[in-house]
Amino acid sequence: MTDNPEEIKKHVKVYITVFAALAFLTVLTVAASYLKLPLVPAILVALFIASLKAGLVAGFFMHLLSEKQVIISILAVTVFFFVVLMLLPALSSSSLYVS
Amino acid sequence: MSEKQHSHDLPFWRKYIFSLDHKVIGIQYGITGLLFLFFGFCLMMLMRWQLAYPGQPLPVIGNLFSERMMVGGIMLPEFYNQLGAMHGTIMVFLGVVPLAVGGFGNYLVPLQIGAPDMAFPKLNMMSYWVYFLGGVAMIASFFLPEGAAQSGWTSYPPLANIAASGQTVWLIGMVFLITSSLLGSINFIVTIVQLRAEGLSFFRLPFFVWAQFVTSFLLLLAFPPLEAAGVLQLMDRLAGTSFFMPSGLVVAGKALEVSGGGNPLLWQHLFWFLAHPEVYVLILPAMGIVAEVFATNTRKPIYGYKSMVCSVIFLGFMSFIVWAHHMFLTGMSAKMSSFFQITTMIISIPSVILLTALALSLWGGSIRFSTPMLFAIAFLPMFGIGGLTGLPLGLAASDIHLHDTYYVIGHFHYVVAPGTIFALFAGVYHWYPKVTGRKMSEILGKIHFFLSIVLINGVFMPMFILGLAGVSRRLYDQMQFAHAQPTQPLNVFMSVCAWLLGLAQIPFIINIFGSLIWGKKVDNNPWEATTLEWAAPSPPPHGNFDAVPEVYRGPYEYSVPGQKHDFWPQNMAKEN
Amino acid sequence: MSDNGIRYISKPHPVTGVTNSKLGIWCFLASEVMLFGGLFSAYVLLRASAPSWPHGSDLLNVPLATLNTLVLITSSVTMVMAWASLALKDFSKYKRYMAATILLALVFLAVKSVEYAHKFEHHHFPSTNTFYAIYFTLTGLHGLHVLGGVVVNTYFLFPGSALWKKDPEQFKGRIECAGLYWHFVDLVWIFLFPVLYLL
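Taken in order, these protein sequences are the chains called A, B and C. For the first sequence, the tail end lands on 113 under our numbering, and the numbers increase by one without skipping. For the second sequence, the tail end lands on 686 under our numbering, and the numbers increase by one without skipping. For the third sequence, the tail end lands on 861 under our numbering, and the numbers increase by one without skipping.
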């Protein structure tokens, strides 16, 4: 991370913009819930908006967009195993089990 | 102005009890781990009495046990179950892993990479004490009114959910142990990535360091789901939730007053998501030790070092996607079991590559048959038997008959007991001179080895026969089942071997303590080895090296043509 | 370099480009991803296998949780501003932003307590059904992480801040790491909120 005061001031502007975006997306996701969509579209919309928010926090507040290779690599491996973990319930779902 | 005192200024309790030095912490882990291994062994020796002579009073010491454990010296089934659950838990989580990773890893990794210490010394110290507290909790649970956990080391609900209070203490103990492991794994990863000496690229690392590196990733990423599962089981037991309790459960004729709606399989999935990578945590440091002992005692490089490194990385990765081979009998579809059979078969490939590379490392070597080398060589066929007997378990068709029988117990003990633990013994004999400045007795060592290798096979080989005959595991008395009665006499043989095996450890215990006083004093490099730990004094001082070493070559430059000596240390600038 | 010779505490490693603590905290966060992943996985399994599952908005207080979401997001901004203030060498601004972060976190916990108290008053406990079981467990574990963050941040606001005078680079690095942890706590809530309250 650079220590140049000018760069930091630019980053501060970005942080404020990201904050506004996050606040807006929060309102958006609550509004979407009032649409009372069926379950699957509701899940997709909610997770999509949440992923956008998470991406903003991770990319800008946590500086992941400019982070070094070693950390990106560790996170990539983690994300892969996280996906495996999230597939775990699917493995237990009744359609994959003989009754 | 340095505010940190030099080590010789520190009071005793800060130098030896709450030390920040990785070597002291490594020794703490090592001693505590060995003590827990001994305790777990004693639990097994008690079990083996009941197995050999079901319902017979235990002579002499039977009266020392409380009425809740033994009545008139006859073991109660509840106590047998406690012994079983705690033997497994203690050996895996309090014995082998702390010794292999916390002990050997902590002590050797900074030395082998030329670092003054681990990246986070305070975190290192915390890891040890959190482990210690977890161990205290586990041991203390034996003294609860209804005793220790007794639902197997696997703690399957619904049984574990409704079990007595010992199970709650087990869960709390596990939270401590998992936390300790997590903190430790962060330390190892950062240390190995950041603190390698000048010139020590990744492919110049000793294989032991690679093994610890992959092991740390397994601990980092696989343990948290078990921590989550532990929290869920604690909630079920303490807050009355039904994460794992299905609806409509009836216990002893009475419907359980829980909300229901839970799923026992959820526990199994989360548990095995950790517990499968955990078995690679048990084996990888052992392979690392064997590689180091082999290179030193064959006076030649390890065969296929690059293949071994690629294999160990691939193995670590695959270990996350095989877990449901522990669950073939839960009613899963052919599609799902096919997936896990395929991944399980694939994971045997890197295992075989590692074992073959180690075996080929012996070919053409000038072998020194020292005690550490004997244990390390024995590791190969013993791990081979363990690995081969895993194949019928990893294939669903045969696993249907062998699951939860003694065949499984034989399989996993072969890999861990004459496998990993023999490698750990090799490590103790090999690095004792570095840690203490003295050599262990070769005579006592060889007695220890020859007795152990014979007796340990006597304990575990018959288990395959019992398993193939259909004898279930975790049985208090197999004579209750007609199909199991014919194999009962084998239990007597196994138990006698187990008790003699216990006695066979006495030369080892005498050797460890006695050599501190009588052992031949050594200099930096008594084995004439090449890796960096042998460049430091024996024992190394606080800070390990005077200056950051510089590394000029790979870790196994033995018998290099044109050199005067048959070893060329990594940090030696000039010819040798 | 510290007194015990450990390198790359304040200055990044020339090849990896990171300090030890930066790499360490990311490893820790990776393990936390797997921890909350295990719980989210449990949630999916329980919901998918349940014959019926209530709508979060019917049982839980969406307006309060929306407020809490905005509170936590704001605290993430103040946290990164605290770090930026140190980068601009403005220690008093750092103190103000850090104090704001801690206060917002306490507001979050207070709102959560109100929510929990309301549930308990109406006899809705973790043992009531699996929805409440996973709701209390997920938000409870998250709340414990918020509390942990409050403790760490308070340490860095008061006794820990003495390091700023001795080694400003190392202190700034510590605040960056504390920030990474704090943003992660925010991240978990960003998923928890819609999953539990809106679906």
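No wet-lab data here; the hints were simulated from the structure. Wrong hints could be hidden among the right ones.
[As the list claims (entries may be wrong)] Just the calculated beta-carbon pair ranges, DEER-fashion:
no. : chain 1 : residue 1 : chain 2 : residue 2 : range
1   : A       : Val98     : B       : Met455    : 44 to 54 angstroms
2   : B       : Leu498    : C       : Asn723    : 57 to 67 angstroms
3   : B       : Val462    : C       : Asn723    : 56 to 66 angstroms
4   : B       : Ser176    : C       : Pro725    : 52 to 62 angstroms
5   : C       : Ser775    : B       : Phe122    : 43 to 53 angstroms
6   : A       : Leu101    : B       : Val181    : 47 to 57 angstroms
All of these numbers come straight from a predicted model, not from anything done at the bench. Think of the CB as a built atom: it goes at the ideal place given N, C-alpha and C, for glycine as much as any other residue.
Outcome of the hint check:
Evaluation of the 44 to 54 angstroms hint for A/Val98 and B/Met455 yields a failure: the beta carbon distance comes to about 18 angstroms. Evaluation of the 57 to 67 angstroms hint for B/Leu498 and C/Asn723 yields a pass: the beta carbon distance comes to about 59 angstroms. In this structure, B/Val462 and C/Asn723 meet the distance hint of 56 to 66 angstroms, their C-beta atoms being roughly 58 angstroms apart. The hinted window of 52 to 62 angstroms between B/Ser176 and C/Pro725 holds, with their beta carbons roughly 58 angstroms apart.
The hinted window of 43 to 53 angstroms between C/Ser775 and B/Phe122 holds, with their beta carbons roughly 46 angstroms apart. At roughly 49 angstroms, the beta carbons of A/Leu101 and B/Val181 sit within the given window of 47 to 57 angstroms.
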